[in-house]
Amino acid sequence: MDFDFSPVVTNWRFLASGLVLTIVLALASMTGATLVGTAVGIARHYGPRWLGLVLALYIDSMRAIPVLVVLVLPMIVDIQLSPFATGLVALTAHLGAYVAEIVRAGIASIRPGQTRAALALGMSRVQVVRKIVLPQAIVRMLPAYGSILSITIKDTAIATVIAVPELMRQSETIAAQSFRPLEVFTTTMLVFFLLLFPVTRGVDAVYRRVQHLGRS
Amino acid sequence: MTAYARIGAGTQPVIVYHEVVKRYGSFTALDRVSGQVNRGEVVCLIGPSGSGKSTLLRCTNALEPFDGGRVLFDGVELPRAESEARHVRRRMGMVFQNFELFPHMTALDNVAVGRVTVLGEAKAAARKRARSLLAKVGLSDKEASYPATLSGGQQQRVAIARALAMDPEVMLFDEPTSALDPETIGEVLNVMKQLADEGMTMVVVTHEMTFARRVGNWIIVFDHGRIVEEGPPAQIFDRPREQRTKDFFSHLGWGG
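Protein chains in written order, with numbering that gives the first Met the number 0: chain A, 0 to 215; chain B, 0 to 255.
It should be emphasised that the hints constitute simulated quantities derived from the structure, not laboratory data. All of these numbers come straight from a predicted model, not from anything done at the bench. Glycine residues also receive a C-beta, built at the ideal position from the N, C-alpha and C atoms. Errors might be hidden in some of the hints.
To list a few chain B residues with every Cβ distance to chain A over 12 Å, as calculated [as the list claims (entries may be wrong)]:
1. Val20
2. His223
3. Glu228
4. Pro239
Simulated DEER-style distance windows between Cβ atoms [unchecked claim]:
5. Glu168/B x Ser123/A: 14 to 24 Å
6. Ser82/B x Asp59/A: 28 to 38 Å
7. Glu228/B x Arg207/A: 50 to 60 Å
8. Val209/A x Ala4/B: 53 to 63 Å
9. Glu241/B x Arg207/A: 55 to 65 Å
Bound conformation, chain A alone (with noise of 0.2 Å):
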């Protein structure tokens, strides 16, 4: 058997835009997320329970619903979006639920104790919050968060089915025209690496750098 990588390197061009635009989606996506799953993190630990119950049903719902169905649902409701923008409101909606149980995980984490030397102090519950127990939340909450950008960056090849011409959409298009799906998957694979592997090494590293940071 002969493999043949001329398909891609004639279309690196194409391929490389896609890649692009996969970071972009990947990083605007998590933007989102982060926004999002931090705001609905904060709200359900300390907001009322009416806020809680309502948030919950948000964030087990995302859970329960692959990111599949939620890419395609606004075209079934027939929101009228380009690609992209339906599969940068679609993945921020999906991981945005992910983040905001990381986030809540983080601040519950932090003993109640740092609250209450705080508030001695005379800070403001705004205050404790802002300055004390998010700045440790968020070092405690690196692993997961790790994780969940890895996720993102991975999920984005979803939005595929919706066609962002991100890098999977690329990689269909030359593997179908070339006849070299082998070739040209087998690159796709590797690049999906080599953008990862980094990313997650990378959080692990600043995390044990700065993991003294968040032990109270």
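Dock chain B against chain A, hints included.
Same frame as chain A, but now just chain B:
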């Protein structure tokens, strides 16, 4: 009271407890506790674990809501609303059994953060003040250290400096040496002794009977959420009147 003249007697007390009641479900942690702390006094709360000493201390700066009675600070009843409680809390310093230093800040910033956040002071000015307080507790060389790298005794001294940074009118100590290794207890007690000598009003929940006897001016003995007896150290330690006080001392192996 009788023959002993209590420090600050005749002036307005800093703290007054009036029939304070605190319940946890069916358990009564404080059963109509009344008493007072005068300006310049070192009041030590002693008694068995779970007798209500720490609970009373936490009610003093409204960290713990209570179910009945009143607490007056500087002649004014503690506010029930959280937003107002903070104005009272910042006038009282509190030191905890587990130090509760903020692990994400250096020793210096632990001391400075109250002035910056609560008083809105500029960072440079707050740090300058923090430096002098770290010097006071003998930790000038540790200002850049994070809590995780400090010993228990060092952490507790930073915690005392952190509380002092707010220029409190009274200092509340909640078993400040109970979590310490025996060899570092002394350095913390020395700082507390120094504070007492400077005239700081202090309320100290402690199991350190030697400290209570030497530094305390007024001893309050707790048992089962009630005050068993109170008086100057000479009376409480040498001539306790109540059987439960004697029992407590004999449990500690304290001759009495």
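The hint says 28 to 38 Å between Ser82/B and Asp59/A; measuring C-beta to C-beta, is that right? Since the Cβ atoms of Ser82/B and Asp59/A sit about 34 Å apart, the hinted range of 28 to 38 Å holds.
Since Pro239/B was said not to touch the interface, does its Cβ keep a gap of more than 12 Å from each Cβ of chain A? 33 Å, holds
How does the Cβ-Cβ distance of Glu168/B and Ser123/A compare with 14 to 24 Å: does it lie in that range? For Ser123/A against Glu168/B, whose Cβ atoms are near 21 Å apart, the range 14 to 24 Å holds.
Kindly confirm whether 55 to 65 Å is satisfied by the beta carbon distance between Glu241/B and Arg207/A. Distance hint for Glu241/B, Arg207/A holds at roughly 56 Å.
With 53 to 63 Å as the target window, see if Val209/A and Ala4/B comply at their CB atoms. 56 Å, holds
So Glu228/B supposedly isn't at the interface. Is its beta-carbon more than 12 Å from every beta-carbon in chain A? 29 Å, holds
Could you tell me whether the CB distance from Glu228/B to Arg207/A stays inside 50 to 60 Å? Holds: the Cβ-Cβ distance is about 55 Å, inside 50 to 60 Å.
Val20/B remote from chain A - nearest C-beta pair above 12 Å: 21 Å, holds
Say whether it holds or is violated: His223/B keeps its Cβ farther than 12 Å from all Cβ of chain A. 25 Å, holds
Every hint, counting from the list given before, is met by this structure.
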